[in-house]
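**Q** Residue numbers (this note's numbering), protein chains in the order written: chain A, 1 to 197; chain B, 1 to 545.
Honestly, the hints are just simulated from the structure, not real lab data. Don't take each hint at face value.
[As the list claims (entries may be wrong)] Just some of the chain A residues that point at chain B, by a computed CB distance under 8 Å:
{"no.": "1", "residue": "19"}
{"no.": "2", "residue": "41"}
{"no.": "3", "residue": "42"}
{"no.": "4", "residue": "59"}
{"no.": "5", "residue": "62"}
{"no.": "6", "residue": "137"}
{"no.": "7", "residue": "139"}
{"no.": "8", "residue": "143"}
{"no.": "9", "residue": "144"}
{"no.": "10", "residue": "164"}
{"no.": "11", "residue": "165"}
{"no.": "12", "residue": "171"}
We put the beta carbon where it would ideally sit given N, CA and C, even for glycine.
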Amino acid sequence: MTDSVDVLQMLKLVYTLYTLSVISLIGWFAFGVVNPKGKPRIVKASTFYTYVGVLITVGVAIHIVTFNKIPWVEIDFKRDSLKPAQVVNITIEKHKFKLPSPKIELKCNEYILFDVVSKDLTYGFGIFRQNNSMVTQMQVLPGSRNDLMWKFGKNGVYHLRSTEYSGPKGAKMYIKDVFEVKGCDEDDKYSQKRGNL
Amino acid sequence: MSFLHTLVNGNEGGLKADGLTPTQKVTLRAVIMGILYYGLSAFEGMMMRAHAITPLSMLDDSHYFSVMTVHPIVGIFGSTYLVVFGAFTFLVPYLMKKPLYSIKLANATWILIAFGALMSWLGGFIFHYAPLYTLYWPLPVDFSQYDAVGGLVFILGIALIMIGTLGFIYNIFATVFYTEEGHEKRPMKPLLISALGIDGMLNIWYKMTGREPYAKEPAVSLPVVAIFRGTIDTFLDALVILTCGVLILVYIIGDLSGATMDYTSVNALLYKNFFWWGLDLIADGLVLIYVAGSWYLLAMLITGKKLFMQNIARAALLLELIVSWFVWSHHLLADQGQNNMMKLVSGEMVTAFELVTQGIAIFITLVTLWSARPLKMSNELKFLLGGILGFMLAVPAGIIQADMGLNRILHNTQWVAGPHFHVAILVGLTMTLYSAVYILWPTLTNGVKLYSQKLASFHFWGQLVGGIGMGAFMGMAAMDGALRRTLYLDGEYQTYMILAGICGLLLLAAWVAFLFNLIMSVGLKGLLGIFNKSKLKTTALIPEA
Numbered sequence: 001m002t003d004s005v006d007v008l009q010m011l012k013l014v015y016t017l018y019t020l021s022v023i024s025l026i027g028w029f030a031f032g033v034v035n036p037k038g039k040p041r042i043v044k045a046s047t048f049y050t051y052v053g054v055l056i057t058v059g060v061a062i063h064i065v066t067f068n069k070i071p072w073v074e075i076d077f078k079r080d081s082l083k084p085a086q087v088v089n090i091t092i093e094k095h096k097f098k099l100p101s102p103k104i105e106l107k108c109n110e111y112i113l114f115d116v117v118s119k120d121l122t123y124g125f126g127i128f129r130q131n132n133s134m135v136t137q138m139q140v141l142p143g144s145r146n147d148l149m150w151k152f153g154k155n156g157v158y159h160l161r162s163t164e165y166s167g168p169k170g171a172k173m174y175i176k177d178v179f180e181v182k183g184c185d186e187d188d189k190y191s192q193k194r195g196n197l
Numbered sequence: 001m002s003f004l005h006t007l008v009n010g011n012e013g014g015l016k017a018d019g020l021t022p023t024q025k026v027t028l029r030a031v032i033m034g035i036l037y038y039g040l041s042a043f044e045g046m047m048m049r050a051h052a053i054t055p056l057s058m059l060d061d062s063h064y065f066s067v068m069t070v071h072p073i074v075g076i077f078g079s080t081y082l083v084v085f086g087a088f089t090f091l092v093p094y095l096m097k098k099p100l101y102s103i104k105l106a107n108a109t110w111i112l113i114a115f116g117a118l119m120s121w122l123g124g125f126i127f128h129y130a131p132l133y134t135l136y137w138p139l140p141v142d143f144s145q146y147d148a149v150g151g152l153v154f155i156l157g158i159a160l161i162m163i164g165t166l167g168f169i170y171n172i173f174a175t176v177f178y179t180e181e182g183h184e185k186r187p188m189k190p191l192l193i194s195a196l197g198i199d200g201m202l203n204i205w206y207k208m209t210g211r212e213p214y215a216k217e218p219a220v221s222l223p224v225v226a227i228f229r230g231t232i233d234t235f236l237d238a239l240v241i242l243t244c245g246v247l248i249l250v251y252i253i254g255d256l257s258g259a260t261m262d263y264t265s266v267n268a269l270l271y272k273n274f275f276w277w278g279l280d281l282i283a284d285g286l287v288l289i290y291v292a293g294s295w296y297l298l299a300m301l302i303t304g305k306k307l308f309m310q311n312i313a314r315a316a317l318l319l320e321l322i323v324s325w326f327v328w329s330h331h332l333l334a335d336q337g338q339n340n341m342m343k344l345v346s347g348e349m350v351t352a353f354e355l356v357t358q359g360i361a362i363f364i365t366l367v368t369l370w371s372a373r374p375l376k377m378s379n380e381l382k383f384l385l386g387g388i389l390g391f392m393l394a395v396p397a398g399i400i401q402a403d404m405g406l407n408r409i410l411h412n413t414q415w416v417a418g419p420h421f422h423v424a425i426l427v428g429l430t431m432t433l434y435s436a437v438y439i440l441w442p443t444l445t446n447g448v449k450l451y452s453q454k455l456a457s458f459h460f461w462g463q464l465v466g467g468i469g470m471g472a473f474m475g476m477a478a479m480d481g482a483l484r485r486t487l488y489l490d491g492e493y494q495t496y497m498i499l500a501g502i503c504g505l506l507l508l509a510a511w512v513a514f515l516f517n518l519i520m521s522v523g524l525k526g527l528l529g530i531f532n533k534s535k536l537k538t539t540a541l542i543p544e545a
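For reference, chain A alone in the conformation it holds in the complex:
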């Protein structure tokens, strides 16, 4: 299954290439527009409409590609109709996570539902690897259902951190090594307690 690390690495590559292309384009334009030998040129209307067509295509295509390639989008959409193999109930109050147990073991390749309740403020719920990269997250609002369904495909030990600001008292809402995924064929190389970190 596609992992969030793979998606982020792909994004890093694509956006870096895009950035360099755009900087080059404006650089080329800047040289061209002041070139003493440059002549005024009128752009045809058809060129403009083609360009607009490309913009629309790109805008729509981004979402179509991610919808089909990023597995958690479909799970998120269907989470009400999918039956979770495991439900993890967590409460947050006064800037503290109340966990069902200090260490939580998660099943591999099963639907896990994180059901998080806030008793006071708006918080965040984020799962992070040992190298601090993010696995997933959601906002946790008081008075709303905050349920995140996820499927883990690799073995690893993960941290829990609030991903939303909840005042200076919430600045250190971070618990190490809360979740452990076991039973997968593959290890998450960025989230091993001992190993290739």
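Model the placement of chain B on the given structure of chain A, informed by the hints.
**A** Using the frame of chain A, we list chain B on its own:
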């Protein structure tokens, strides 16, 4: 000529403030205050950048987050609003070829905004009130963390800013519609149709159906159309922020008077939707529309030519206004209580239209410039190109995070703060504003000569490289999991933070160079003279020859 003499009297005689009209003065007052607030915001930014590299002993958690709270207030309202409102206070009457509706109101506007920004800043600086600009309910009324008096000062400051904003809006709309003394009565209908850009759409429709154009010469010029439309969003945004401010004030007053109220009476998700609907009208509404209008104006002034595809540009501005009302859900893609269809339609699909509307503005501006080749690489042209580059980078970064799949791993990370909104503001918006400052400089100062072109060039490169660099390194940290609004005290992302800090320092140096160049050009006497009452009793925009 000695350095001291130039500092006091300005370059080649500097600014003769006695020769400035009341309209020139009020414009310059707002712009100067905006530039000073930009410096304060940049300094606060550097404090946070330094703290991200190695924790500063002077910044405890509550101080750090109070700096983070006031940083955007000072940057957006204290700086950008003042520069933009100042410039438009001059440009709208200039383009409409009639005096400003009310100079008194324009003066009240900048004073209210400047004082309001100062009050909000004091709310953070003295009382450490720190609910951040997002004000997520019920954090602004969590008096177990904040002093209610601090909240009172902060929120009253915001209210003053919004009242000043309403003053600006009234002045702009009144300037468009009023009939000046001695002039034949201006009919309302063609002005309104043109100001909303409906004539552009009708022209396209009439052309498609083989008819003569609806309006050969539109009643309102294209940049004024952009300002008018952007100001509609400014109005709606001011109403929403004022409403939330009143709500918070009620709770603050309740706490101060001993009648503490139950904050669960307000639904946090509903509040978040309402607040983001209004707040997003700044980021995805008025900023994009004002910027597009500024690009069009700058392109026309730089080239002396008509804009490429004028009718499309007018129609696109109307589309942008409507789009801006339906995109707020992209801020709630990580909120599981938010309806999935709202996330999909408002958060993803309608938001993606901003790629189209902003893309159209970029294309039209670049083609207009290209059609007038060869041009001189003036300060205004290079800053305009920098501004366009900023939005070419920041808008797609925003579209990427406004995706249900990618938002799950980008929401609240440094990606949002770096490649998206800091690049949009520091490179896209600010460089566009500097372009406008450089092009309006001779008109507003009655021809004061710039002290140093080398400093102007350093200002350009510092702003461009510093802004893009800082955004890039923050974005790279985000790819490795760095959140915004989170303190990392164990050196987790130190390499990226050092590099981002160096870029931040470059931005601060660019501002210092610009301010120094400005003061040396006009002189301290001229600078202070701007704040004295104008000796010219005229409603004309510039002194009559």
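**Q** All hints, please: hold or fail.
**A** Hints and how they fare:
no.: 1; hint: 19; verdict: 6 Å, holds
no.: 2; hint: 41; verdict: 6 Å, holds
no.: 3; hint: 42; verdict: 6 Å, holds
no.: 4; hint: 59; verdict: 4 Å, holds
no.: 5; hint: 62; verdict: 6 Å, holds
no.: 6; hint: 137; verdict: 6 Å, holds
no.: 7; hint: 139; verdict: 5 Å, holds
no.: 8; hint: 143; verdict: 5 Å, holds
no.: 9; hint: 144; verdict: 3 Å, holds
no.: 10; hint: 164; verdict: 6 Å, holds
no.: 11; hint: 165; verdict: 4 Å, holds
no.: 12; hint: 171; verdict: 5 Å, holds
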